[in-house]
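*Asks:* Here is what each chain is made of, one letter per residue.
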Amino acid sequence: MTHTQHRWGMAIDLDRCTGCAACVVACHAENNLPVSTPELAAEGRTAHWIRIDRYYQGEFPDVKVKYMPVLCQQCDEAPCEPVCPVYATYHNPEGLNVQVYNRCVGTFYCANNCPYTVRYFNWFAPQWPEPLPLQHNPDVAIRPGGVMEKCTFCIQRIKRSKEDAAQEGRPLADGEVRPACVQSCPAEAMVFGDLNDPESKVSRLAGNGRATKLLEELGTKPKVFYLHKAT
Amino acid sequence: MVARAAAAPSVQPIAYSHKQHLALGLECLDCHSSADTSAAATLPSVRKCMLCHAKVAASNPEIRKLAAFAANHREIPWQRVYGFPPEALVKFPHAPHVRASIACDRCHGDMTKATTAELQVKHTMGTCLGCHRQYKATEDCAACHY
Chain R
20 MTHTQHRWGM
30 AIDLDRCTGC
40 AACVVACHAE
50 NNLPVSTPEL
60 AAEGRTAHWI
70 RIDRYYQGEF
80 PDVKVKYMPV
90 LCQQCDEAPC
100 EPVCPVYATY
110 HNPEGLNVQV
120 YNRCVGTFYC
130 ANNCPYTVRY
140 FNWFAPQWPE
150 PLPLQHNPDV
160 AIRPGGVMEK
170 CTFCIQRIKR
180 SKEDAAQEGR
190 PLADGEVRPA
200 CVQSCPAEAM
210 VFGDLNDPES
220 KVSRLAGNGR
230 ATKLLEELGT
240 KPKVFYLHKA
250 T
Chain P
18 MVARAAAAPS
28 VQPIAYSHKQ
38 HLALGLECLD
48 CHSSADTSAA
58 ATLPSVRKCM
68 LCHAKVAASN
78 PEIRKLAAFA
88 ANHREIPWQR
98 VYGFPPEALV
108 KFPHAPHVRA
118 SIACDRCHGD
128 MTKATTAELQ
138 VKHTMGTCLG
148 CHRQYKATED
158 CAACHY
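Protein sequences, first through last, are from chains R and P. With the working numbering as the guide, the letters of the first sequence map in order to residues 20 to 250. With the working numbering as the guide, the letters of the second sequence map in order to residues 18 to 163.
If we strip away everything but chain R, and leave its shape as in the complex, we get (with noise of 0.2 Å):
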């Protein structure tokens, strides 16, 4: 896959992570995201497209808990992507691996195949109780019901910062595009950039010897990398 200018990817610094869930919520605003209720929860049907795994490591009372955000890995060898019987979701030149809620028909076959499970269905026309509808984000669809959903990279900043970038006809800087989760992370373990730029701050991440990707093994190729320290 050749990539003509960009090549979005990020870093998360599992030691810095304290598992605050700042991501999910911004998230959620960012993306217009319904909100769950116990009863959805209860069936799994929550929708969010960054979660946080947590982990436990010893015996109580000595417990230590690991926490890692899990979003769309934005692979490029996407398990997701050969399977949508109607191109739905598919590779585009920057990387990005896309959701075509206009072309999905809601057969399941891509959440079905993501080894990483961060895909999510809208089984009903998405609900929010008043205020909450004056805040949805006008840059960002409003899924329908029986559509596939799922991190998107925030694209809708990504064209934003390219936009202004354009108007003032300079290159885009690294750094510039940040994704809801990664302005919101307050402890900075997020970083977001162009993989195809050497110098920016997540090649030197992924680059970084504590750099790991998640289920590497299963071939899939993420862009988002792992930091933690090697036990």
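Because the hints were derived from the structure by calculation, they are not lab data. Please note that the accuracy of each hint is not assured.
[To be verified] Here are some chain P residues the structure puts well away from chain R; computed CB gaps all over 12 Å:
| # | residue |
| --- | --- |
| 1 | Y33 |
| 2 | L43 |
| 3 | C66 |
| 4 | F86 |
| 5 | G126 |
| 6 | L136 |
| 7 | H162 |
[What the hints assert, rightly or not] Using 30 Å as the maximum straight-line C-alpha spacing, the simulated DSS-like pairs for lysine-lysine come out as follows:
| # | chain 1 | residue 1 | chain 2 | residue 2 |
| --- | --- | --- | --- | --- |
| 8 | P | K108 | P | K130 |
| 9 | P | K108 | P | K82 |
| 10 | P | K139 | R | K178 |
| 11 | P | K108 | R | K181 |
| 12 | P | K153 | R | K178 |
| 13 | R | K181 | P | K153 |
| 14 | P | K108 | R | K178 |
| 15 | R | K220 | R | K248 |
| 16 | R | K85 | R | K178 |
| 17 | R | K232 | R | K178 |
| 18 | P | K139 | R | K181 |
[Unchecked claim] Okay, the calculated beta carbon distance ranges per label pair:
| # | chain 1 | residue 1 | chain 2 | residue 2 | range |
| --- | --- | --- | --- | --- | --- |
| 19 | R | P217 | P | A154 | 24 to 30 Å |
| 20 | R | H155 | P | R97 | 14 to 20 Å |
| 21 | P | I119 | R | K220 | 33 to 39 Å |
| 22 | P | K139 | R | A61 | 45 to 51 Å |
| 23 | P | A85 | R | T56 | 46 to 52 Å |
| 24 | P | F101 | R | L151 | 22 to 28 Å |
| 25 | P | A85 | R | N156 | 32 to 38 Å |
| 26 | R | Q154 | P | F101 | 19 to 25 Å |
| 27 | P | S34 | R | P217 | 54 to 60 Å |
| 28 | R | A61 | P | A85 | 56 to 62 Å |
Remember, it's a predicted structure, so these values are computed and weren't measured experimentally. No residue lacks a Cβ here, since even glycine has one placed at the ideal position from N, Cα and C.
Following the hints, complete the assembly by docking chain P onto the known chain R.
*Replies:* The following block gives chain P in isolation, referenced to the frame of chain R:
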């Protein structure tokens, strides 16, 4: 998806004439002033109209309507003619198209012959893609659908 149904000329609150204003030397961007810098082209506020019309043609009955809106500090309830409904799940920014020197009439028709705003060009995906292919612009789905 097709654009919203055209508003009939009569539903516009004031019989504004594009033809007349363009013939007098005004340009699209003089009133739709954000088209070259942002996603939305925007409509001018009533105060902008009054910059000229406080004096110009003040006795015209249509301009009196305009002055009444201004006096009451109310914006003119123009009926939208172009645009996509939310269920079309499509985003259109004006600025990159203006930067690429795509003339306004390519999508909005020849307004030098039009009076009140009316739908002259249908905005379907075919309209967009035909032009994008001609100018070798992006055909990536995510360019517009996200």
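*Asks:* Sort out which numbered hints this structure fails and list those numbers smallest first.
*Replies:* 7, 9 and 16
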